[in-house]
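Asker: Residue numbers (my numbering), protein chains in the order written: chain A, 1 to 201; chain B, 202 to 360.
Each hint should be verified, as a subset may be incorrect.
Pair ranges (Cβ atoms, derived) [to be verified]:
#	chain 1	residue 1	chain 2	residue 2	range
1	B	Gly212	A	Gly177	56 to 62 Å
2	B	Lys260	A	Lys79	32 to 38 Å
3	B	Val352	A	Glu77	19 to 25 Å
4	B	Val352	A	Glu74	15 to 21 Å
5	B	Gly353	A	Ile53	30 to 36 Å
6	A	Gln156	B	Leu221	31 to 37 Å
7	A	Ala173	B	Gly212	49 to 55 Å
Worth flagging that the hints you see were computed from the coordinates, not collected in a lab. We put the CB at the ideal spot given by N, CA and C, even for glycine.
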Amino acid sequence: MAKRSAPEVNAGSMADIAFLLLIFFLVTTTIEKDSGLNRKLPPIEEDIEPPIIKQRNIFTVLLNGKDQLLVEEELMEIKDLRAAAIEFLDNNGDGTCTYCQGPKNASSSDNPDKAIISLKNDRETSYATYISVQNELVAAYNVLRNRRALELGPPQGFTDMNFVEMQKNYKDARFVGNKTKLKEVINQIKLEFPQKLSEVQ
Amino acid sequence: MSKFKKKSDGGTPAISTASLPDIVFMLLFFFMVATVMRENSLKIQNALPVANQVEKLDKKNPVSYIYMGKPSAGYEKFGTEPRIQLNDQFAELSEVGAFIGAERAALREELIPFLTVALKVDKDANMGIVGDVKYELRKVNALKINYTTGVGDALNNIK
Chain A
1 MAKRSAPEVN AGSMADIAFL LLIFFLVTTT IEKDSGLNRK LPPIEEDIEP
51 PIIKQRNIFT VLLNGKDQLL VEEELMEIKD LRAAAIEFLD NNGDGTCTYC
101 QGPKNASSSD NPDKAIISLK NDRETSYATY ISVQNELVAA YNVLRNRRAL
151 ELGPPQGFTD MNFVEMQKNY KDARFVGNKT KLKEVINQIK LEFPQKLSEV
201 Q
Chain B
202 MSKFKKKSDG GTPAISTASL PDIVFMLLFF FMVATVMREN SLKIQNALPV
252 ANQVEKLDKK NPVSYIYMGK PSAGYEKFGT EPRIQLNDQF AELSEVGAFI
302 GAERAALREE LIPFLTVALK VDKDANMGIV GDVKYELRKV NALKINYTTG
352 VGDALNNIK
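With the sequences and hints as input, model every part of the structure.
Answerer: Here it is in structure tokens:
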């Protein structure tokens, strides 16, 4: 029998097969876009005396079952909440906060470190309203932190970068700059305006 | 001299398609890598509320999802009250702790403290069920949570 060379496999349909797979993955792809508000829950601690906190250092936000907002015993619209929270956090009642610009009202919070926002909701409160309120409160912290970032950033070489951008840049692998320094600035701002937002059960 | 004789020109040569599979495979691999298969088919309504102070959910750390909302069309027999969905099925409140335990068991040990629980809650749900789930999470010490939202003006949530 004459020796035959091995016949070549026809690869012409390879493209078709690949296209088939490609189309399948195209259709099933969902580019993930999950984002949200990060929160940390308090651990359950029994037998621990709650620390005594002065009433003026607590900013009570109450959402009732009809989605009405009661802030410091007064009815309020959600759109006014951010400004009220900023005023409370930035108040600087005891004058120890050198970077605050608040009115130093004696009946409001002592300093940002002591100021606590307490958010209480009903079982019947709708989730959408709750998220809006959470969003406004986080926004209040972000406004203050952004303001501080614009003060602290330039001496460290981070001009025109607010707190939110700093955090974004810190996570961004393509960011050219001193990341350790950036982390220090971020941490300092977080320390100066700590997010003390308590969700009461 | 005849070695360098120009070959007779016989019309335009056909374009080689031999590299076409390579190109397609390249695209294919891109989409294979970028694809995230939908892990769970939702049996509940899940229209997320929107917020604008959001942070990206860090995919470097492990994430577990808990869905909440009213049973969607076809599942009316489960009632009209918001329900919890874990993985692919409806769950009772008491199963949340076990679910987190199972999620943790599937993780490498050093990653367990970084487990984030993403709460995907329908915007029409009420806070009662969310509060209950939060309490269950505190019981099993899963304290990092994320209220997953869309991006938009938060004041649009309220109609």
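Asker: The structure should be examined with respect to each hint, and the outcome stated for every one.
Answerer: Structure-based check of each hint:
no., hint, verdict
1, B:Gly212 / A:Gly177: 56 to 62 Å, "59 Å, holds"
2, B:Lys260 / A:Lys79: 32 to 38 Å, "33 Å, holds"
3, B:Val352 / A:Glu77: 19 to 25 Å, "23 Å, holds"
4, B:Val352 / A:Glu74: 15 to 21 Å, "31 Å, violated"
5, B:Gly353 / A:Ile53: 30 to 36 Å, "35 Å, holds"
6, A:Gln156 / B:Leu221: 31 to 37 Å, "53 Å, violated"
7, A:Ala173 / B:Gly212: 49 to 55 Å, "52 Å, holds"
When the structure is compared with the earlier hints, violations turn up for hints 4, 6 and for no others.
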